[in-house]
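Protein chains in written order, with my numbering: chain A, 15 to 126; chain B, 15 to 126; chain C, 15 to 126; chain D, 15 to 126.
Hints may be right or wrong, so weigh each one.
Identical chains share a label here; the pair holds if one copy fits it or two copies do between them.
[Said to hold, decoys possible] With a straight-line Cα cutoff of 30 Å, these simulated DSSO-like cross-link-like pairs (lysine-lysine) come out:
1) K65 <-> K106
2) K75 <-> K115
3) K65 <-> K75
4) K16 <-> K103
5) K110 <-> K65
6) K115 <-> K103
7) K16 <-> K115
8) K65 <-> K16
9) K16 <-> K106
10) K103 <-> K75
11) K75 <-> K16
No wet-lab data here; the hints were simulated from the structure.
These are the residues of each chain, in order.
4 protein chains.
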Amino acid sequence: MKELIQELRNFAEERDWNQFHSPKNLSIALTVETAELLEEFQWLTEEQSRKLDQDRLNRIKDEIGDVMIYLILLSDHLSIDPISAAFEKIEKNREKYPAQKVRGTAKKYTEL
Amino acid sequence: MKELIQELRNFAEERDWNQFHSPKNLSIALTVETAELLEEFQWLTEEQSRKLDQDRLNRIKDEIGDVMIYLILLSDHLSIDPISAAFEKIEKNREKYPAQKVRGTAKKYTEL
Amino acid sequence: MKELIQELRNFAEERDWNQFHSPKNLSIALTVETAELLEEFQWLTEEQSRKLDQDRLNRIKDEIGDVMIYLILLSDHLSIDPISAAFEKIEKNREKYPAQKVRGTAKKYTEL
Amino acid sequence: MKELIQELRNFAEERDWNQFHSPKNLSIALTVETAELLEEFQWLTEEQSRKLDQDRLNRIKDEIGDVMIYLILLSDHLSIDPISAAFEKIEKNREKYPAQKVRGTAKKYTEL
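Pulled out of the complex, with its shape left as it was, chain A reads as follows (with noise of 0.2 Å):
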């Protein structure tokens, strides 16, 4: 992770591009991206979703690349951690939804 923060700020320095990486613009991209990955999604079953052939697969694993490129450079201009936000937010849902209130209940789930 850090080795791919580090690319990432040699990446853009070397193109003089942090001029245009304003924390949101760097969200815009990042919203632009996920949509890209979404796009391979779309007219898919949920079915088919589990079951994707390897040109496909090729395709997103490309998408998620481009997000958690943005999601970095975000991250790393706003000097967040991604991952420990990730574990702070995980404590905030464990006292949202607890396991035995809204286990298998896909009602609860859906009303969110």
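Chains B, C and D: place on chain A using the hints.
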């Protein structure tokens, strides 16, 4: 990262939520969370987005946590390592946008 | 439609909000609202999304209203008529996807 | 508008595409198209987004056409009139953001 993946698997299993976690649905959830993150920036100027107050930063950290959670869940369901995916994408981008060619040129960048 | 455009212009002017309504920001707001609409569907099956209860339908109507508002505002700022734009796009799509060629073929569709 | 709805119904029926057009899928498609529209603005400053060249304007018109198409299709499948939905939402917003209270106050606005 490995620990985070394990934590997320446990969280979903304890709640019997894997039935909802098709790659298609996880990709939707990722998009929804990314847009909630973008919402924090939507009426700010780029300049303001570089100087966020603590309240907004805290909300943004929460949203980054959510984005990370769904990105990791989706990647895990597809057996994709998002960090490797990012490194591979950077390599492709190095060829596509050679530093000496695109350096400091806003115009080139906006035409990507 | 004309009435709606006028109403939205008045609404923004009364609040002196045009300063925030750059096309870039309106496009962000449109994306955020679209994701809020998508959120209503995210954990439903396709089948469930065809049989919505009244509560969800009411929330969806609200979100469709928001999406429409920002689509009209953005179009108005750019002097684009979204209805003409849709008709022109349909013409392009007629050439791209001739009925006799793509009819009933899920596979073709998912490969678009 | 009525004509556009009819045109879109015919287009889908001629291609036997209604099987793919669950409200869930249409909402995904709407999100994907909105993000393609946002992509046109992502690296522009707000100022640049107010002064677009003709090439970009043409691409944006195409994307607005796509967004409109999916918004109309989704609304039609749910028997919602997007124009009425927008008017009703404006009424709610009038109560939520009274002109005399929020007028010209960027701060209020960014805190919505």
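Against the structure, the hints:
no. : hint          : verdict
1   : K65 <-> K106  : between (32 Å within a copy, 26 Å between copies)
2   : K75 <-> K115  : between (35 Å within a copy, 27 Å between copies)
3   : K65 <-> K75   : within (15 Å within a copy, 33 Å between copies)
4   : K16 <-> K103  : both (21 Å within a copy, 17 Å between copies)
5   : K110 <-> K65  : between (32 Å within a copy, 28 Å between copies)
6   : K115 <-> K103 : within (19 Å within a copy, 35 Å between copies)
7   : K16 <-> K115  : between (38 Å within a copy, 27 Å between copies)
8   : K65 <-> K16   : between (33 Å within a copy, 24 Å between copies)
9   : K16 <-> K106  : both (26 Å within a copy, 20 Å between copies)
10  : K103 <-> K75  : both (25 Å within a copy, 9 Å between copies)
11  : K75 <-> K16   : both (21 Å within a copy, 19 Å between copies)
Checked against the numbered hints given earlier, this structure breaks none of them.
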